[in-house]
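From first to last, the protein sequence lines stand for chains A and B.
Under the numbering used here, the first residue of the first sequence carries the number 3, and numbering increases by one thereafter.
Under the numbering used here, the first residue of the second sequence carries the number 1211, and numbering increases by one thereafter.
One thing to keep in mind: the hints can contain errors.
[Claimed, not checked] So, partial list: chain A residues that the calculated Cβ filter (under 7 Å) puts toward chain B:
1. L42
2. E60
3. F80
4. N247
5. T250
6. H251
[What the hints assert, rightly or not] Stretches of chain B that chain A covers, calculated by requiring three or more beta carbons in the stretch to come under 8 Å of a beta carbon on chain A:
7. 1251-1263
8. 1366-1372
It should be emphasised that the hints constitute simulated quantities derived from the structure, not laboratory data.
For each residue, glycine too, the CB sits at the ideal point set by N, CA and C.
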Amino acid sequence: MKNCLSQKRFLPLVEMTICLIVCFSIITNLNAQTNPKMVLIPSGYYEPLFKNDSSEKEKVEKFYLDVYPVTNGEFLEFVKANPKWRKSNVKKIFADGSYLRNWKSDLELGDEINPNSPVTNVSWFAAKAYAEWKGKRLPSVAEWEYVISSEKNIQKISDWYSKLSPDKIPPVGSTEKNTFGVYDMYSLIWEWTYDFNTSLVTGESRGDGDLERNLFCGNSSSNSKDVENYPAFMRYGYRSSLQANYTTHNLGFRCAKDYN
Amino acid sequence: MKPSIKLTIISSFVVLISALFIFLYPGCDKGYSSQVQGVERAKLTSAPYVPQPITRNHPTKVIVDLETKEVVKRLADGVEYVFWTFGGDVPGKFIRVKEGDEVEFNLHNHPTSKMPHNIDLHAVTGPGGGAVSSFTAPGHTSTFSFKTLNPGLYVYHCASAPVGLHIANGMYGLILVEPKEGLPPVDREFYVMQSEFYTEGTYGETGLQPFSQNNAVDENPSYVVFNGSVGAITGDKSLTAKTGEKIRLNLGNGGPNLISSFHIIGEVFDKVYGEGGTLVNQKNVQTTLIPAGGSAIVEFTVDVPGTFILVDHSIFRAFNKGALGMLKVSGKDDSVIYSGKQKDDIYFGSNEEPNQDLFAGPITVEQTPGSNQTAVNTEEKEMDLSAFGKSIYTTTCAACHQANGEGLPNVFPPLAKSDFLNKNKEAAINNVINGRQGEITVNGKKYNSIMPPSNLNDKQIAAVLTYVYNQWGNSGKKVTEEEVQKVRKKKNLGVK
């Protein structure tokens, strides 16, 4: 467990360094404001769900976020341009056996798949590669949670979490728009975040309040900032069950971008 | 001398070796081997069924495959709920292994699951009872292994965050670790697990009901059920048995909050393995506690046919929230153990003088008291008679005809200014003696009720009727014992 965790922690650091270099060069040449599919999220504060040594509110700088999750159609363009991310070519360490499993073939969605529905069954590696190809990045947990925290009606979010996943995921934009102008933050799919594995809960969620486990922010409800926020617990729990090469029926992503 | 010493040494050596053998070879008297041999795949069952007893006399490697799946199912008639399950049903599949077995556990989380899941088996000795090692993302499988060190009946449940929600949505079941010597044979075994559901809507509110976090935190469920839904083991789905059979119930309580006071109406548990351990720690038990996240095993023989109701004897849960099941027993009656209804009599209350006659035997004409008494003539005695009549009226008649003689509209006819009463004294006497059934018109209104025959003697009837005739504007007639006796005789003759 510890081994795999440290691996998990290490990987993003390397990736982040590379990403920062790549992103910096691209970002300086692009103006996201001209892209109608992104909105500027103003800066603000995000309160982590779990207490730890630095449980101060975290400042989130202003950034751009995709209005919609990435669709099958958009992802198809990506795999066309990047053969190594096609179903038959992808390496197992970057995407597990169910990568794009609903697609008919490498470059065909098939009749069952709506090109306007969010792409799912994609790994963190694949999502990140897509974002870089677009000159973007994945949002951080803090950014993502900050954006969803604008929805004060917890029950509304809970309602989605307590419904079954439909066989066919509806198209993007078919659910609610939040106050930032972002669609589908809940009630469509789960979404990858850049540092999904930094706020880990262990499999033994009940022991995670133990302060000796500095590795984790802890999930014991006694240590939680907000014991009432079940959806947040579920998101943290969900993220913690993932590894970067996992792909799942209802897990997709959207991209973010630095302000400058 | 020397050979005898030799013999002694040899014989004591033999004794020592055999003693050692008996001590060091556990269970050798039953042919039990503690060596793990072979591999088998566990056959899992859905409630209320239990896998067959394990007959092998050695531990083995057992492979268990269990799938976590989120499904929409019926919680009550017209009510649906999104259940999170172990194996597609609530409660989860029943797992049966033996003490000393080495279990390889594969937890498969269905690809369509929204949530990661894991499993904490209370039978596991190790961190989280397996929860740490079995934390599984949707569309993945986790494998871990454990040895069954302790026999008993254990709860398993999901322990993913938020734990309460995963349990409240139905993620629990039972695993039975049979002791190495096995459990005593029985004719039938069942699997019954109690749990609660916390919905936004109140009990019976139709439609797909979302989970209510507030009600869960308040420990105020809208449903308390056996085997995952209201009526899961009633009617056609009742547990069944035949008279003379020995039954074992493997009982669990998934909670998440409530303790069960488990009771079967009309049965006594011959044996209880308290809290699902291996010791029969009580015999002849009426109601046994099943802790939340705990179990109990009860055994009993069904002696007589009929329907036996399983309840949580926190009784409003049974009759208002769904904690009710049925065991239907067929077979021959045994009227010594239970007679069924032998008699249905009218009962007027224990203060009633006439009831003593019930115990003395039926009133016959010959036995009728009062016949040897002279007619009441003096005013003083008439006063007494009136008071006597009033007391009879109050205790015997007023419940229906009311203290003021007005009766109850549409149900019990009035005696006050009653045309029926005042018109025909003989009919009135006859009704008091023999009762009356069927339609009757009193003061122009129809009534159709039953007046039971009375057990009043002649003197009492005379007194009460005289009282009634002299109240509430009635005709002021007087009824004598002789008149009552005459009517009684007539009836008697009529029957003959």
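When the structure is checked against the list of hints, which entries are broken? Sort them ascending. 1, 2, 3, 4, 7
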